[in-house]
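K.L.:
Below, each chain spelled out in residue letters.
Protein chains: 2
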Amino acid sequence: RYLPFCKLPGRVMGIRLLRFTSVVIIVLLLVAGALTALLPSIKDDKMPNLRREQKTQSQSALDSFTLIMQTYNRTDLLLKLLNHYQAIPHLHKVIVVWNNIGEKIPEEMWNSLGPHPVPVVFKLQTVNRMRNRLQNFPELETKAVLMMDDDTLVSAHDLAFAFSVWQQFPEQIVGFVPRKHISTPSGVYSYGSFELQNPGFGNGDQYSMVLIGAAFFHSGYLEHFQRQPEAVYALIDETQNCDDIAMNFLVAKHTGKPSGVFVKPVDIRNLEKDTNSGYSGMWHRAEHLLQRSYCVNKLVNIYDGMPLKYSNIMISQFGFPNYANHKNKM
Amino acid sequence: RYLPFCKLPGRVMGIRLLRFTSVVIIVLLLVAGALTALLPSIKDDKMPNLRREQKTQSQSALDSFTLIMQTYNRTDLLLKLLNHYQAIPHLHKVIVVWNNIGEKIPEEMWNSLGPHPVPVVFKLQTVNRMRNRLQNFPELETKAVLMMDDDTLVSAHDLAFAFSVWQQFPEQIVGFVPRKHISTPSGVYSYGSFELQNPGFGNGDQYSMVLIGAAFFHSGYLEHFQRQPEAVYALIDETQNCDDIAMNFLVAKHTGKPSGVFVKPVDIRNLEKDTNSGYSGMWHRAEHLLQRSYCVNKLVNIYDGMPLKYSNIMISQFGFPNYANHKNKM
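For the protein sequence lines, the chains are A and B, in the order given. Take 1 as the starting number for the first sequence in our numbering and just add one per residue. Take 1 as the starting number for the second sequence in our numbering and just add one per residue.
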């Protein structure tokens, strides 16, 4: 038979239960009300805010880049260059890869000369390795990386333009130093610059690599670099060289396109001679170029094929520095 | 009860049926055999052949371009230019848009001076219209169109390079003559070249159009052009001008990108002064440039907005003509 709630045995118990259930109901209503009150505010207030914050962050992440500069035995040049690079438009942060093992970073001096336009992070390394700069640094927040050698100065104009070009070719290494490999009849590859014979595809020269010591590339490639065959790391460590060639192999393999896009710099300078350290850089070693040819052939073995592709596209900035730099006789 | 086939009434009838069914079975087996015999041959022989033919045709369609050259009152220049352009690498066919109404095409002379490297088709027009060259010609077989004015000579080197660039930017107009529009505080647009003020986006100049009188573009845009608002055709006919500006609006609207990619020509020549006809081309009319500003504003009305986008990318050929044209002081 149907027993209505209020007809539970015992009047006292009935009233108690009634009170209890009323309390429960009221509590539930309050909770519901609270939730309802919260919901619109999340939608109307917090969502837009969240969107705005995300948008600012993501705009920042898309519209700015992180400079990664590895340094060894040229702190005077580093500091000179930091004063220049810290003020480049669209720079988000600087990561200095400190290969001066055991030496203190100039953090005190850096801070005493603040404030600085952007955060600069000094990453102390434990071993002096060329490939230290190719770590997937957790401080990296931007999609784009600008990698510079610690003896290279590129003008802000060049960098601003090259960054805008990278944004149109985000899959590729957009930079200022083109190099190429050539095939020889023996099947052995050789590495070189423009003084080396043209690969022979029509008129003019071709390049198949853009060096990462003065270039923009997608930060995702640093993560990608961590997943390469051990033999690649061994090669770079053995030669203390060729990390840039390896990167070009990686990018070419990944995209199926030429790994790089060459932007002709207006103002690029090598400050090597200006250092007080007397240290003159790896590329002065006698075996440097031979090593790089060696690396090309080793990498072809490791990757089981030659993924590098040729390009002859040279990009310059329309109407800059000369507003009529595209003028023709017509 | 079960009655086996062979127990049909009448031995004579039985034998006849037996023969009949045997014949049917044999015929069916023959047909089946024939089909089986045909099947592999379609797969093994014809398919690869078909693929090879298709591949040749499609390779041809993708790896070559059609030159469309409109001509009016400058047949001497046309013939001079045809001798040059007929031999450009990767040229598939020439379509001459004959705006000399009522005048015979020089077909006899052309044939008498054969053979020619590629087919040349003369399309007689009924009315002398600037937009005649923007028809979707049935003779067009390639994906790429090279459109040239009948007084413009561009070197084979430039064309070969620009064609290879177009293949990397097939959605855009890849050519040798950049122009721009600028906004003014009144909201009225103006048209011009580099002597006009820069649009003011950072350093240097920008272009927002690439003229089609010396450019590569996708043949699909000709078909697309047939589907524009009537007002566009009216505007072009009214001014006998601006078909190229209209094309840039079309491409920009379609891609959401800058309509063109500028390739800096090494050797581009205007042969106007060389004509015996005395005819010196539309751009000498006093109102020519004013008309073009007028057209920009009209097109913004027609398309209900300004679709043109700026670019400052200038492309040159790496290592050509000077094998060290990318050398820097570093």
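Think of the hints as simulated: they come from the structure by calculation, not from any bench. Glycine is no exception: its CB is placed at the ideal position from the N, C-alpha and C atoms. There's no promise every hint is true.
[As the list claims (entries may be wrong)] With a straight-line Cα cutoff of 20 Å, these simulated DMTMM-like cross-link-like pairs (lysine to aspartate or glutamate) come out:
hint	chain 1	residue 1	chain 2	residue 2
1	B	Lys257	A	Glu103
2	B	Lys257	A	Glu171
3	A	Lys257	B	Glu171
4	A	Lys253	A	Glu141
5	A	Lys298	A	Glu272
6	B	Lys327	A	Glu171
7	A	Lys298	A	Glu230
8	A	Lys327	B	Glu108
9	B	Lys257	B	Asp274
[Unchecked claim] Label-pair restraints from in silico Cβ distances:
hint	chain 1	residue 1	chain 2	residue 2	range
10	A	Gly102	B	Lys257	36 to 44 Å
11	B	Leu290	A	His116	20 to 28 Å
12	B	His284	A	His116	57 to 65 Å
K.L.:
Does each hint fit the structure? Answer for all of them.
P.N.:
Against the structure, the hints:
Among the hinted pairs, Lys257(B) with Glu103(A) is inconsistent with the structure: their alpha-carbon atoms are about 50 Å apart, more than 20 Å. Of the supplied pair hints, the one linking Lys257(B) and Glu171(A) holds, its CA atoms being roughly 18 Å apart against a limit of 20 Å. Between Lys257(A) and Glu171(B), the direct Cα distance comes to roughly 18 Å. Compliance with the 20 Å bound is thereby established for this hinted pair. Restraint check for Lys253(A) and Glu141(A): the C-alpha separation of about 25 Å exceeds 20 Å, so the hint is violated.
With a C-alpha separation of about 30 Å, the suggested pairing of Lys298(A) with Glu272(A) is violated against the 20 Å cut-off. The straight-line distance between the Cα atoms of Lys327(B) and Glu171(A) is roughly 25 Å, outside the 20 Å bound, and the hint therefore fails. At roughly 13 Å between alpha-carbon atoms, Lys298(A) and Glu230(A) fall within 20 Å of each other, so this suggested pair holds. Taking the CA atoms of Lys327(A) and Glu108(B), the gap is near 40 Å; set against the 20 Å cutoff, the hint is violated.
Under the criterion of a C-alpha separation no larger than 20 Å, the hint pairing Lys257(B) with Asp274(B) is inconsistent with the structure, at around 38 Å. Evaluation of the 36 to 44 Å hint for Gly102(A) and Lys257(B) yields a failure: the beta carbon distance comes to about 52 Å. At roughly 52 Å, the beta-carbon separation of Leu290(B) and His116(A) lies outside the given 20 to 28 Å, and the hint is violated. For the hinted restraint 57 to 65 Å between His284(B) and His116(A), the CB-CB distance of approximately 58 Å keeps it satisfied.
Hint check: violations occur at hints 1, 4, 5, 6, 8, 9, 10 and 11; the rest are consistent with the structure.
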